[in-house]
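Asker: Assembly of the complex is requested from the two constituent chains, each provided in isolation within its own frame, with the hints serving as guidance.
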Amino acid sequence: MTPPPNHAVLNLTSVVVVAGLYSAGTFLLLQRGLLRILVGIVLLGHATNLLLLLVGGRSGRPAMSGSVPPDQMSDPLPQGMALTSIVITFALTTFLLTLAYRAWTLLGNTEVRDDVEDHRITALEERLEAQAGFHFFPHPSLPHPHAPRLHRADRDGHRPHQQPAPDNAGRDADDAGPDNAGADEPASDGAGTDESGSGSSGDGRPGGDQG
Amino acid sequence: MTVPAALAVLPVVGPMLAAGGTLLLRFHVRAQRVLALAVVAAVVADAAVLLAAADSGGPTVAHLGGWPPPIGITLVADRLAALLLLTSAVVTLAVLGYAVGQGVVDERTGGNSMIFHACYLTLVAGVALAYLTADLFNLFVAFEIMLVSSYVLITLDTTAQRVQAGMTYVIVSLTSSLLFLTVLAMVYAATGTVSLAGLAATVPGLPPALRAALGLLVLVVFGIKAAVVPLHFWLPDSYPTAPAPITAVLAALLTKVGVYAIVRTHTLVFPHDGTWPLLLCAAVATLLVGALGALAQEDLNRVLSFLLVSHIGFMLFGLSLFTVVGLAGVILYMVHHIVVQATLFLASGLVTRYAGTSLPRRTGGLATVVPVVAALFAVPALSLSGVPPLSGFVAKLALLQAGSQAGAASGPDAGAYRAGVYVAVAAMLVTSLLTLYVMARVWVIAFWRRPRPARPDPDPEDSLEVGTATVSRPMVAATAGLVAAGLVFPGLAGPLSGLATRAAADLLTPSAYEHAVLRDQPGRPTDGHGAAGRLAPSTRRTTGNSDPAGNGGTAGNGGTP
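Residue numbers (the working numbering), protein chains in the order written: chain A, 1 to 211; chain B, 1 to 561.
Source of the hints: derived by calculation from the structure; they are not laboratory data.
A hint or two may mislead.
[Said to hold, decoys possible] Partial list, derived from the structure: chain B residues whose beta carbon lies under 7 Å from chain A: (1) Gly57; (2) Phe137; (3) Leu156; (4) Thr158; (5) Leu178; (6) Ala185; (7) Tyr188; (8) Ala189; (9) Leu429.
[Stated by the list, open to error] Far from chain A by the CB rule (all over 12 Å, computed), these chain B residues: (10) Ala5; (11) Met114; (12) Leu174; (13) Val387; (14) Arg473.
Ideal placement from N, C-alpha and C gives every residue a C-beta, glycine not left out.
Extracted from the complex, chain B is given alone in its bound form (with noise of 0.2 Å):
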């Protein structure tokens, strides 16, 4: 099945004339709301559609303008983008049916912005152009659409504490930002192509410290954005403070993103032969820096922060291996991942409407005065430690089980790298552990004790109003289509894992994405260094497709003509 390469832009051009359209509507608030809603659910639509196309006839390219891929701008919908572009639209359509829930509630008190709706979905576009693109530099301009998207959406409502967050925040992002067009130049210089697939070609050839140079320092950038320990330390300062939509669409999609722009470049241009023990021990130090560290919040919303770093750990830790098993288990958990952490924000996020507060031991218990939420808030809760039979069980035995399989391969100096990847493993049980101990503490907390009766809104300066009028039935109902939108990924376990093994073996095939894109390029191109990158681009790895059995990651230095 092929689609129409228009539908590969749409997702990123959708929004973006969508957010131009709230602009002119500025005055005409319900008109926003349904081209937004209605904007978002066709990208949904789409990315569906692409999916489809993907899985079962190859990746839709796009070629914008008519230039030729080292120069022109590509897009590549191919099975991982479309996937997670897919979960990233029903989150964000979700979220956004959220907050035009709250945004209704909050008129009748006059809280409500012009432009939430146009940087909301500026966002949902960067997002979008995050996933598809296939050349570095247009990824640097999707971070960044993304990222000021999210700069204005933190310091919306300006108070002095969001003045304060949205400062680390900005100046963080804004270094990282700086980092990676410093890479972007420095890449530049050394294969003059930033094209994903061309750099696939010229990387391998580069001299060995030159390449590791280079991926060291894509690592860091992309470690930033994706919250890595230790450049973890603004997440859990500048999240927390954002209105609840807002953080759970930030939590749910930045962070993942920066996961999968580390997973796109380090296995398509600075691929690794076996496992990787840089980024074992990064994920380890994540998994239980971040584990603890929730362990000793008292606010909600800090403690799934918190929760958050912990959990990009385990996304790293399958990345770490090189396999096609360790792969496809990251793919999983980011999908599990996406959908459960934007939730857990959305229901944190009922929890400080009805109580007034994000502090588990002032809400009093809950349970009795809104058992919706309880149960919105226990599930989600539930899947992210790893209970069974929910999403999270599903994504962490198959990270387990690349873990053991990993730990079980022989090699040369196989004994190091065993030991190193049981530790990983027996770090990603604790963490789980932690995780359901730290969730289980905080429901039992907030909602299991006796009712409190009502109290006066702790601080009525703040745009915050407090009680049961606040919450509107959208709000509750978007939170409970993520919850069941979760709930469908256990169902559909064994034709997802299916997917994400297919989409971990086209990562392992770097050949099968170079020839996607390179394929119905409209010339070639003639400038003096575009031969560079064309050096025999299928030769590099030899796992296929027909070979999702977890030595892919074993053939990486073919690549030298």
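Chain A on its own, in the form it takes in the complex (with noise of 0.2 Å):
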């Protein structure tokens, strides 16, 4: 099947500055800044945008009904989508803009956030590394695989809400009372660990409760 004549024509400069959007785009994407990620969205949405002018076949033609003869209109409809999609992009870069101003009010950065397991894991390994006295890892002095970058305010010693810092433990330990104190372990300070040990208990409760 040959495809729809008005679809044939593709100009090269569009098409290289269309690739060239996409990598520079899709560059600033991966970067760690929102203000970057922002300015690399805009520059794929671009991209995108230009490139359903392109598909809509040769430029310069007039899309309205009425002015010339239905053949040597430019297809109208990726005109259309693509005015959706500036508006759409246009109200979510200003949406993303304004996300960057809270983060940088409440946060004091702009950073996107690391993994939150990936900060559960490294602790935990700290943790471990800590009691066995040993590393893991060959070599100490490089810089740890799994470390991901701490953001100022993890710097600061705020950590965030849901993940357990090493010295919240201990309260736990201490908070779960005699509920579970026979449960719990000697090395009971971890993530993990701790959920056995009160999974454990949780287990022997019913059995203690009925006999």
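Answerer: Below, the structure is given as structure tokens:
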């Protein structure tokens, strides 16, 4: 099947421009700062809008009906789509800008945060290494392979809410009180181990109640 | 039975207009609530009518603005769309009831937002549009409506944590939206149409490599929205931070709309002949990664988020078989999962409100304090794990049957397929078992211990007030209503699976969809590339409604004229 004739013309300059915009946008999207990401998304949005216009056929023709015969018209549908997508990307750009501003006022930075799991794994590893007295990774002078870059807020000692800080764990064990005192092992000051400790106490509880 | 086409428009336009109405009424919170509840209830009734009409008399089709299908906006309520619309509308109604109950409580402490109802209603409209739309560009618009509402909802009452979570979510979703636009441009360049019916006729004529590339791009786009491993990483970090009703509605609906989009595009536009190994692998990875991730979590909402990812794998498995039985299983599983996932997040919200924390090990034994919540959490948790006779069992059984049937099928290179299918079936069973283990552990730790004395609010800075006074009766009632809806499912298992089988047969017979869309169009398109789309739509699939026995995916290459 041959493609529709209206779409057979591609302008090489436009193709190069679109490809350049895609590459630059993707590169910026992979940065950590929200503003760079924002610019990346703007570039990617321009790239897609241009691509939409590009597939509409030869440029320079009118898209309005009535001015020229239909076979000399440009395809109006991609132009309508590009218009819609311009509106949407514009609205989302402003939303991301306000989000960046809010992040700046609340956090003091606009960096995208590390993965929560990375934090937990690193914390667990550090605890285990401290207990075992040796490093799991052969060259401790090298950067830790799992060590995430810390935020400014994290460096000051604030940590995200969900993630159990090591100094928290002792308090947790105290909080548990007589509930899981029996199940608390000396190693229970870690995220995973603490949970299993409570789990075993929970398992034991029903039997204890009934018996 | 045929119904006026306006009924297919109402689920989109009604909530949209009501969203504007709530903005006008922004200083009258009670009027906002009444309006929102009334409109969503109307959508539920409308969806029920549409479903009855679609099942008895064929799809309800609405052409907006009088433009013919390849150009104009067309809404189609066929069996699948109407069934999912009804399920989603019921869930949104219950969650809205919960949110209203929570709003009533929070009013006393001043924590209420004027724009919540407007965003919620646009979200409902976006979800409805995504189900009903019959062209790819409108699907993009529907996703944007949904996502923009969810961006605002997730970052409502901004705390530092929500801003951080919102950033990841917004950036990932925006990236996938831009990819979607790119795919749209390429699809239009290749075929000259974005109407699903038109694409169903033109795409089989494209070169196989181009077709595969477009199909894979579409899969990536919707895979990000549906949280398919390895594109799932954003979900457990972003959903749990929002308030319970928002998390519930996002988790229940957004990922399932993504799955629906995968199902719709990959049955209608990029059909496969028999099992699709790539999707089968993605399904197994999703199942296991999600379940093992849930195993390592402590926070209740994060556990539920990882389980959400995991159970997307069930639906992908059913789709990857491309048989009527498999797709019927997918549809049943989507209905089950929408209801159950929303119920679980609502129950988790109740736990958080009573105990002041979503960490099970800190809640103490809630079962003696609030036995209702313990029961409301236990039922959907067991259902999610697939314990009979709850809805999860019915849906999982359908998928396992489809798997065993596909595994027993013989073909030219059946050996590898058979092994793959059986591996996936084993992964599903293991995942169910892991889900049961995770849920039982969470329940035992959170509920079944000695009750501990009330503790002070651990974080007085945040908006969350803690204690028994912060839970209102509508919140419990809404959760109980959803649990009851989940219990209706196995009671209606026979009729529902019949309906799902008919919907699945529709999906594997795209000519029915094309006929429905193009049947009563106002006029034939006159533009230069419309003719390519009209080629022999009825010869592509040979399996009709009369053959729901499972070999519907075997005749996918008859479309080349």
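Asker: Does each hint hold? Answer for all of them.
Answerer: Verification of the supplied hints:
The beta carbon of Gly57 (chain B) is not positioned within 7 Å of any beta carbon in chain A (closest approach about 32 Å), and the interface hint is therefore violated. Taking 7 Å as the C-beta cut-off, the interface hint given for Phe137 (chain B) holds, the closest approach to chain A being about 6 Å. For the restraint placing Leu156 (chain B) at the interface with chain A, the shortest Cβ-Cβ distance is roughly 12 Å, beyond the 7 Å limit, so the hint is violated. A hinted interface residue such as Thr158 (chain B) counts as satisfied when its beta carbon comes closer than 7 Å to some beta carbon of chain A; here the least separation is about 6 Å, so the hint holds.
At its closest, the beta carbon of Leu178 (chain B) sits 5 Å from a beta carbon of chain A; the interface hint therefore holds under the 7 Å criterion. For Ala185 (chain B), the shortest C-beta to C-beta distance to chain A is roughly 4 Å, which falls under 7 Å, so the interface hint holds. A cut of 7 Å between beta carbons decides the hint on Tyr188 (chain B): the least distance to chain A is about 5 Å, and the hint holds. Interface hint at Ala189 (chain B): satisfied, since its Cβ lies 4 Å from the closest Cβ of chain A, which is below the 7 Å cut-off.
At about 23 Å, the closest approach between the beta carbon of Leu429 (chain B) and any beta carbon in chain A exceeds 7 Å, and the interface hint on this residue is violated. Listed as a non-interface residue, Ala5 (chain B) keeps its Cβ farther than 12 Å from every Cβ of chain A; the least gap is roughly 23 Å. Listed as outside the interface, Met114 (chain B) is consistent with that label: its C-beta sits roughly 17 Å from the nearest C-beta of chain A, beyond the 12 Å cut-off. Some Cβ of chain A comes within 12 Å of the Cβ of Leu174 (chain B); the nearest lies about 5 Å off, and the non-interface call is violated.
Against the 12 Å criterion, Val387 (chain B) stays outside the reach of chain A, whose nearest CB is about 18 Å from its own CB. With a least CB separation of 29 Å from chain A, Arg473 (chain B) remains clear of the 12 Å interface cut-off, as annotated.
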